[in-house]
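Colleague: Since the structure of chain E is provided, determine the placement of chain U on it from the hints.
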Amino acid sequence: MANALIKMTSIEKRYGRSVALSLEELTIEVGRLHLLSGPNGSGKSTLLSILALLTRPEQGEMFWGDERVSWNSGLLNHLRRKVTLLHQSPYLFYGTVFDNVTFGLSVRGIRGNEAQQAVTDTLELVRLPGFSNRKIDQLSGGEAQRVAMARALVIRPELLLLDEPLANVDNESARVLEEVISTLPDNGTTVVMSSHDPFQHERIPCRIISLLDGKLVNTSSNHQSSLFVDKENSRCPTLKMREA
Amino acid sequence: MDFFTESFRSAFELITANDPEVISAVTVSVSVSLWSTLFASIIGIPAGVAVGAYQFPGKRGIVTLLNTLMALPTVVVGLGVYGVLSRQGPMGELGLLFTPQAMIIGQTLLAIPIIAHNTVSAVTGANPCIIPTAMTLGAGPLQSMIKLVSEVRFGIMAAVIAGLGRVIAEVGVAMILGGNIRGHTRTMTTAIAMETGKGEFAFGLALGIILMGIALIINLFLNTLQQR
Numbered sequence: 001m002a003n004a005l006i007k008m009t010s011i012e013k014r015y016g017r018s019v020a021l022s023l024e025e026l027t028i029e030v031g032r033l034h035l036l037s038g039p040n041g042s043g044k045s046t047l048l049s050i051l052a053l054l055t056r057p058e059q060g061e062m063f064w065g066d067e068r069v070s071w072n073s074g075l076l077n078h079l080r081r082k083v084t085l086l087h088q089s090p091y092l093f094y095g096t097v098f099d100n101v102t103f104g105l106s107v108r109g110i111r112g113n114e115a116q117q118a119v120t121d122t123l124e125l126v127r128l129p130g131f132s133n134r135k136i137d138q139l140s141g142g143e144a145q146r147v148a149m150a151r152a153l154v155i156r157p158e159l160l161l162l163d164e165p166l167a168n169v170d171n172e173s174a175r176v177l178e179e180v181i182s183t184l185p186d187n188g189t190t191v192v193m194s195s196h197d198p199f200q201h202e203r204i205p206c207r208i209i210s211l212l213d214g215k216l217v218n219t220s221s222n223h224q225s226s227l228f229v230d231k232e233n234s235r236c237p238t239l240k241m242r243e244a
Numbered sequence: 001m002d003f004f005t006e007s008f009r010s011a012f013e014l015i016t017a018n019d020p021e022v023i024s025a026v027t028v029s030v031s032v033s034l035w036s037t038l039f040a041s042i043i044g045i046p047a048g049v050a051v052g053a054y055q056f057p058g059k060r061g062i063v064t065l066l067n068t069l070m071a072l073p074t075v076v077v078g079l080g081v082y083g084v085l086s087r088q089g090p091m092g093e094l095g096l097l098f099t100p101q102a103m104i105i106g107q108t109l110l111a112i113p114i115i116a117h118n119t120v121s122a123v124t125g126a127n128p129c130i131i132p133t134a135m136t137l138g139a140g141p142l143q144s145m146i147k148l149v150s151e152v153r154f155g156i157m158a159a160v161i162a163g164l165g166r167v168i169a170e171v172g173v174a175m176i177l178g179g180n181i182r183g184h185t186r187t188m189t190t191a192i193a194m195e196t197g198k199g200e201f202a203f204g205l206a207l208g209i210i211l212m213g214i215a216l217i218i219n220l221f222l223n224t225l226q227q228r
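One line per chain: the protein sequences are E and U, in this order. Note that the working numbering gives residue 152 to position 152 of the first sequence, counting from 1, and the numbers run on in steps of one. Note that the working numbering gives residue 97 to position 97 of the second sequence, counting from 1, and the numbers run on in steps of one.
Just chain E, same shape as in the assembly (with noise of 0.2 Å):
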């Protein structure tokens, strides 16, 4: 069994009366891409938002490698720091492209020509060149979308979670960014991407993690090779950064 980054055991999330989410254990594996599956109501939000630190769950614990997360303390923000949550539906702050992909590494006291070139090759990256000083609102879905992908994969996060990514962009948007997804374990980055596609398991190879009523049905693999990717261009290009 691959190294855990991340494990949590008897994890119980309420809304009120109703449970969201009930794990007696899961593991994320370091390096691998995880889909999340399951329809609506199942979880996968909430099991997101507390993979993000983001939610504190009523009951269980997790573990971030060795280490026990400790929801009340500034090792918090610390953990935080690794891991970053893109939503169907992402929010981007007002101003240019720019300053919303730098944004991450600025909190993380990154600026001037690093922060400079790591934005251009991010940009890059989700076949966005050009596209730093364009204000926001100038933006179709499918930009924006690959704008926040940029602005999460900027920082380098250890582990990536993705909350249907895919879900509301155009067919060029969406062949982009399963690209990028797809990538990101050969280069180290843990991701966690939900889904309704049903054939998205059989495009990108990835362990499949399937939900029901905030339970936990399954786990399996899939090594199916990509139907999208064309492995000899999607290789990510070297993020020349310091490490957040």
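In short, the hints are calculated from the structure, not lab data. A few of these clues could be false.
[To be verified] Residues from chain U that keep clear of chain E, each with C-beta distances beyond 10 Å, as calculated:
id	residue
1	Ala17
2	Phe39
3	Leu79
[Claimed, not checked] Once the Cα atoms are required to be at most 30 Å apart in a straight line, the calculated DSSO-like pairs of lysine-lysine come out as:
id	chain 1	residue 1	chain 2	residue 2
4	E	Lys215	E	Lys82
5	E	Lys135	E	Lys82
6	U	Lys147	E	Lys135
7	E	Lys82	U	Lys59
Remember, it's a predicted structure, so these values are computed and weren't measured experimentally. Each residue gets a CB set at the ideal place from its N, CA and C atoms; glycine is no exception.
Modeller: Same frame as chain E, but now just chain U:
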């Protein structure tokens, strides 16, 4: 009709002739209003952001209180501060009564609820994803809050402008706490009230025109911000 025509002609003559009385009243009004808006912003904006961004017991009560205080009569504020600053009052030894500083204190109290309440509205009306997005990109609690303020800055600026509009046009606080002393605490509004009472309608009209001009500029600026 001749009365109005003649009064308007005299008023414009006073404005274009840079009448020292007019200039003094405008200067005191603008100066006192800007200082009080600055102090009210320093208190009202952080308070409004805190009330708007956090959930806590009694939040609804505070918002209702701020809403009520927005309609506080200026003379009531003037009366309250007068009691504190008068010789028999707890801060009487400072000798602030009938000074611009006393007017600034009163107008600051008048503007705080307006700026705080409008800031609360700007923050609660903001996209709820701002703070989680900032946090998931690595921002700490303070950095996330700064980002939230940055995202709603036009709403907050509108709150400040609304506060400025309120204090520059008020007369109760300026009259009670300033005492309408010529060249010292006489503002546009107190001068209008006094000069009109003396029958100097043209003088009052001149100041009224300037006050309306300032109010117009403030509102044009406010509308521009609200459309962004």
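Colleague: Looking back at the numbered hints, which does the structure fail to meet, lowest number first?
Modeller: 7
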